[in-house]
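One letter stands for each residue in the lines below.
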Amino acid sequence: MNRNSDMRVFTRHGDVAGIPGYGQVRLGGVLLYGESQDALESTVDTLRVAFQRLVRAVPSADRTSAIAMLHAERKDLDRRVSAAVLGSALQQGSLCALCGEDEKAQLRMILCAPERRAAFEEHVGRLVASLQSDGDALIRDVRDSFFPGAGSGAWTWSWHIAARAVFLGRAIFLDRFRVAVGEDFRDVVGAPG
Amino acid sequence: MLTQHGWAFAGTLGSEATLVGVDRSGRAARATVLLERKGKVRPVFIGTRATCCWLAPEARIVADAGSVSVADLVNVDVRDLRFEAHLQVEEVSELPASLWRTLLTVAQTERAGTMVLPLRNRAASLPTWAHSFERRGRRYLVVRRDNLATELEQDWRDSWLTLCRSIHYPAGEDKVRFPLASLELLTWALSAMSASRIGYSLSFDTLQFSWYVDLKLQQRTPLPVERGACAFTHTHDEQAIRVWWDSSSWCPVISGFVMAPGGA
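As they're listed, the protein sequences go chains A and B. The numbering used here puts the first sequence at residues 1 to 193. The numbering used here puts the second sequence at residues 194 to 457.
FYI, nobody ran anything at the bench for these hints, they're computed from the structure. Hints are not guaranteed to be accurate.
To be verified - List of simulated lysine to aspartate or glutamate pairs, EDC-like, C-alpha gap at most 20 angstroms:
1. K104(A) with E327(B)
2. K231(B) with D398(B)
3. K104(A) with E287(B)
4. K368(B) with D102(A)
Quantities reported herein were computed from a predicted structural model and do not represent experimental measurements.
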């Protein structure tokens, strides 16, 4: 049985089969059940808004950390429920999903609130500009520059900025902890002009 | 949009263009359309095993259940709808220019007819007609426009597939991951496989949302109509281009999807 502070949300039909007038909502491939339709829909809306609020409170997140933030508030929530509601928030365009590239050249999803996207991309531009003058930087130095005094999570936000710059071809990871300016390949394609 | 020379950005077509679409019997046919720049709208992504694209929410699309509103796709179980995919490119005479423009969207840099592309898929075979090199642990491919043109004239389908597979992200055996920023390259790759009858299927992160498209090579070619597999709304508004056409027995094709009468 899974519950949150508003009402119980179930992922198994058997949990509500005996309740007259139980509710049911499909989110992608997951069916959620509640004790009534109205209350279930209301709870799903509440969870969706909670994701928006939590992701808006940070510069960036990933799927795991977004779900962890929700579970910190609603400890009894089933992980399938939170994953389905996060998918729903993404489906409705309530959260941005940007591509980043990690030090192993694998794609990574970076979440941010739509209203924070411009600030995130501005940070990417500032990082690239600083790399063009300094050559490379430790992620912890990016953190200290962009998020001075910020506590837990700031290193990861800085890593997201670096990963986005790498995906855009404007930087490269030297390892997980250090990022360097991207190549201009002038020796390959020639100098501009 | 599908033109006689293949896929082209609507924004590059001017206010009037000849497009390739399908007629009432499902055959490819050309017709002239009017294109009008509209304000910004919030695009909707739709994907099947056969193809995928961004569409304006006001557009209507042909499904097995008839004409459906693109905006409604995010509020229904998209698996309940089946969509036709039309990916055949008629003429290939202008391929070098079209594909060069498409490659520029993912190039690291380009100057004077030479571009550098990242080589991300170490498992994929490399194009033999392009030079590769390594720098600071990363591999890159140097593509010269004249070499690409020569290669495309010989076998554009194989050349394009090899190139696409080598520059995109490996995602398991015979599977390549395209970020959504690379959808135009992917659409050309789907046309190449469709023309060569190479089996493939597309897959997405979830039914509700995806931040990538996985292309898997396999035995089976997509069915003429495939179930919806993913639909979601973009977070930001984008410039929309309205397409007008007269004929009620002809519909244009956008990234493989057949638009329904009533405009796209």
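Consistency of the hints with the structure:
With a CA separation close to 15 angstroms, the supplied pair K104(A) and E327(B) stays within the 20 angstroms bound. Proximity of K231(B) to D398(B) is assessed by CA-CA distance (about 31 angstroms); at most 20 angstroms being required, the pair is judged violated. The suggested pairing of K104(A) with E287(B) is violated, with an alpha-carbon distance near 37 angstroms, which exceeds 20 angstroms. With a C-alpha separation of about 19 angstroms, the suggested pair K368(B) and D102(A) falls inside the 20 angstroms cut-off, and the hint holds.
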